[in-house]
Amino acid sequence: MRAYELHRPTSIDEAIRVLEEHGTHARPLGGGTDLVTGIMRDAVTGRGMPYPEHLVDLQTVGIAGIDMGPDHVTIGAMTLLAEVSESEQLRERLPLLADAAGSVASPEIRAIGTLGGNINQRPRCWFFRMKDFDCIKKGGDICFAVDGDNRFNAILEGHLCFIIHPSDLATALVALDAEAVVASAEGERIIRFDDYFVTPRENLLAENVLAPGDILTAVRVPYVREGMGQAWLKLNEKGRPTWDFAVASAAVTVDARDGQWHGGRIVLGGVAPVPYRASVIEEHLAGRDIRSSIAEATRQFREVARPMSDNGYKVDLAEAIAERAVLAALQSASATPVEGT
Amino acid sequence: MTGEATMAERTPSTVLPTLSIVVAYPESALGGDWFRVYRRLRHMVASEGLQARLDFVPVSDIPIDADIVIAPQNVSDKDAAVLAVLDTEVLHVPARGAAAVLKTLFERLRDEGHAFGPVDDRSVEAASPLGYVRHRGFRRLL
Numbered sequence: 146m147r148a149y150e151l152h153r154p155t156s157i158d159e160a161i162r163v164l165e166e167h168g169t170h171a172r173p174l175g176g177g178t179d180l181v182t183g184i185m186r187d188a189v190t191g192r193g194m195p196y197p198e199h200l201v202d203l204q205t206v207g208i209a210g211i212d213m214g215p216d217h218v219t220i221g222a223m224t225l226l227a228e229v230s231e232s233e234q235l236r237e238r239l240p241l242l243a244d245a246a247g248s249v250a251s252p253e254i255r256a257i258g259t260l261g262g263n264i265n266q267r268p269r270c271w272f273f274r275m276k277d278f279d280c281i282k283k284g285g286d287i288c289f290a291v292d293g294d295n296r297f298n299a300i301l302e303g304h305l306c307f308i309i310h311p312s313d314l315a316t317a318l319v320a321l322d323a324e325a326v327v328a329s330a331e332g333e334r335i336i337r338f339d340d341y342f343v344t345p346r347e348n349l350l351a352e353n354v355l356a357p358g359d360i361l362t363a364v365r366v367p368y369v370r371e372g373m374g375q376a377w378l379k380l381n382e383k384g385r386p387t388w389d390f391a392v393a394s395a396a397v398t399v400d401a402r403d404g405q406w407h408g409g410r411i412v413l414g415g416v417a418p419v420p421y422r423a424s425v426i427e428e429h430l431a432g433r434d435i436r437s438s439i440a441e442a443t444r445q446f447r448e449v450a451r452p453m454s455d456n457g458y459k460v461d462l463a464e465a466i467a468e469r470a471v472l473a474a475l476q477s478a479s480a481t482p483v484e485g486t
Numbered sequence: 540m541t542g543e544a545t546m547a548e549r550t551p552s553t554v555l556p557t558l559s560i561v562v563a564y565p566e567s568a569l570g571g572d573w574f575r576v577y578r579r580l581r582h583m584v585a586s587e588g589l590q591a592r593l594d595f596v597p598v599s600d601i602p603i604d605a606d607i608v609i610a611p612q613n614v615s616d617k618d619a620a621v622l623a624v625l626d627t628e629v630l631h632v633p634a635r636g637a638a639a640v641l642k643t644l645f646e647r648l649r650d651e652g653h654a655f656g657p658v659d660d661r662s663v664e665a666a667s668p669l670g671y672v673r674h675r676g677f678r679r680l681l
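Chains as they are written, first to last, in our numbering: chain A, 146 to 486; chain B, 540 to 681.
Any given hint could be a false lead.
[Stated by the list, open to error] Taking beta-carbon pairs under 7 Å as the criterion, some of the chain A residues facing chain B (in silico): (1) 195; (2) 346; (3) 348; (4) 349; (5) 350.
[To be verified] Calculated from the model, a selection of chain A residues having no Cβ within reach of chain B, i.e. all distances over 12 Å: (6) 178; (7) 231; (8) 282; (9) 286; (10) 347; (11) 355; (12) 357; (13) 365; (14) 437; (15) 472.
[As the list claims (entries may be wrong)] FRET-style restraints, in silico, Cβ to Cβ: (16) 599/B / 148/A: 20 to 30 Å; (17) 372/A / 596/B: 19 to 29 Å; (18) 596/B / 256/A: 16 to 26 Å; (19) 596/B / 205/A: 30 to 40 Å; (20) 625/B / 183/A: 32 to 42 Å; (21) 257/A / 653/B: 53 to 63 Å.
These are calculated hints, taken from the structure and not from any lab test. All C-beta atoms, glycine included, are put in the ideal place defined by N, C-alpha and C.
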């Protein structure tokens, strides 16, 4: 790994100043489990993503902690994944989020990795991660996954580049209709996670809307409404819970009345370059009895999926995990804490 | 003799291109559709034999000797300010539907007398690397 300069600012303004000064040559540093021990160790560089010669350590700027408000929880971007996972208040109010955090990697990594780092980590694709492959995302000409070993690549929304978004928390936050609090030289802005992640069609150089100089400082997660259920499931390539990245995951919130779908979100991870909201399943369930319609509804996913030569199995996996997660969320509905209690 | 003449005709021109075309993309935001515009243009340059140097750079790195800059239609104010002060022609092209605009550009370049040499098959091949295969579902698109 090449040398880099470590900046330890004492305020967000100072951190933004350093990031602005060095542009794409600087990166904000969370726990470093992906950036330092992944991207930098493996020298993953390319067009628009030079080697980070300046790391801006956010540990010293005071953006960690969990604040349970009256209608939403604010979680600082530097909050450790272990804290999110083990917070009793989060487990009670937003078990979906706590479960997602608890499914990330191993206990050791959760004790170092941060919420912000997990959300903003670089994509998974072994061609992207290996320095010998000058893939399209790194300024090359082709996506090697198209004609290569693509068993773990995207089955949706690839468009020239078939990375998958690896963040479990990102999938959960989209399902919970959460918001990102982003600081920049122009001030603070709020971005819904619906609008936070971008596909390769929108930007081949990044996976989210953050520009150089932007810092994700916190996430705001609204509490789920009374009567709504929520569930998180994650599978690895053997179809079991895992410490590894998700081959397929599902984050679901369900507003069910008399067993019928009256709203909610079904978001799939590990299948697309962004957390993928499975609107096609939601639309099919609308107004229908969930238990009797879920199998047919998840089959609609087959209509939108575009698997490649070796990852057709992900379609089956995504359907199955979506079905299980919806039913688990439905089951949890009666146990969901009432808002404001 | 006839054979030699044919060989000479087929030999790609070794004259260095004097025309510089730059495809510029917004800083830190290269859309997939815009990348395809660049690839389309690169293929057109090779397949029509246009004697031109083609670069693909962010707006902030546009070389000063560029003759034509091709930029997206919608750019940020910051990028627009950079493009506005360039002492060169800036052609704003829609990411989708670029083919017609680029075709018009090539017709214009022909009318203006820019050099179009013999088609270099090797360049065409380089512009469309062998091995690039597309799939839709399980069906391989040839």
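Going down the list of hints, with the structure as the test:
For residue 195/A, the shortest C-beta to C-beta distance to chain B is roughly 12 Å, which exceeds 7 Å, and the interface hint is violated. The interface hint given for residue 346/A holds, since its Cβ lies 4 Å from the closest Cβ of chain B, which is under the 7 Å cut-off. Restraint check, residue 348/A versus chain B: the minimum CB separation of about 5 Å is within 7 Å; hint holds. The interface hint given for residue 349/A is met, as the beta carbon of that residue sits about 5 Å from the closest beta carbon of chain B, less than 7 Å.
The closest approach between the C-beta of residue 350/A and any C-beta of chain B is roughly 5 Å, which is under the 7 Å cut-off, so the hint is satisfied. No beta-carbon of chain B is positioned within 12 Å of the beta-carbon of residue 178/A; the least distance is around 24 Å. Every CB of chain B is more than 12 Å from the CB of residue 231/A (nearest about 36 Å), matching its label as outside the interface. Residue 282/A, annotated as away from the interface, has a beta carbon of chain B within 12 Å; the closest lies near 10 Å.
The claim that residue 286/A is not at the interface with chain B is violated, since a C-beta of that chain comes within 12 Å of its own (minimum 6 Å). Its beta-carbon lying about 6 Å from the closest one in chain B, residue 347/A breaks the requirement of being farther than 12 Å from that chain. In this structure residue 355/A is not separated from chain B by more than 12 Å, as the shortest Cβ-Cβ distance comes to only about 9 Å. At the 12 Å boundary, the C-beta of residue 357/A falls inside the reach of chain B, the nearest C-beta of that chain being 6 Å off.
The beta carbon of residue 365/A sits about 25 Å from the closest Cβ of chain B, which is more than 12 Å, so the claim that it is off the interface holds. With a closest Cβ-Cβ approach of about 29 Å to chain B, residue 437/A is found to remain outside the 12 Å limit, as its non-interface label requires. Under the 12 Å C-beta cut-off, the non-interface status given to residue 472/A relative to chain B holds; the minimum distance is some 28 Å. Taken as a hint, the range 20 to 30 Å holds for the pair residue 599/B and residue 148/A, whose Cβ atoms sit roughly 26 Å apart.
Distance hint check for residue 372/A and residue 596/B: the Cβ-Cβ separation is about 55 Å, which falls outside the suggested range of 19 to 29 Å. At roughly 42 Å, the beta-carbon separation of residue 596/B and residue 256/A lies outside the given 16 to 26 Å, and the hint is violated. Checked against the hint of 30 to 40 Å, the pair residue 596/B and residue 205/A passes, with Cβ atoms roughly 36 Å apart. At roughly 39 Å, the beta-carbon separation of residue 625/B and residue 183/A lies within the given 32 to 42 Å, and the hint holds.
Judged by the Cβ atoms, the range 53 to 63 Å given for residue 257/A and residue 653/B holds: they are separated by roughly 58 Å.
Hints 1, 8, 9, 10, 11, 12, 17, 18, counting from the list given before, are not met by this structure.
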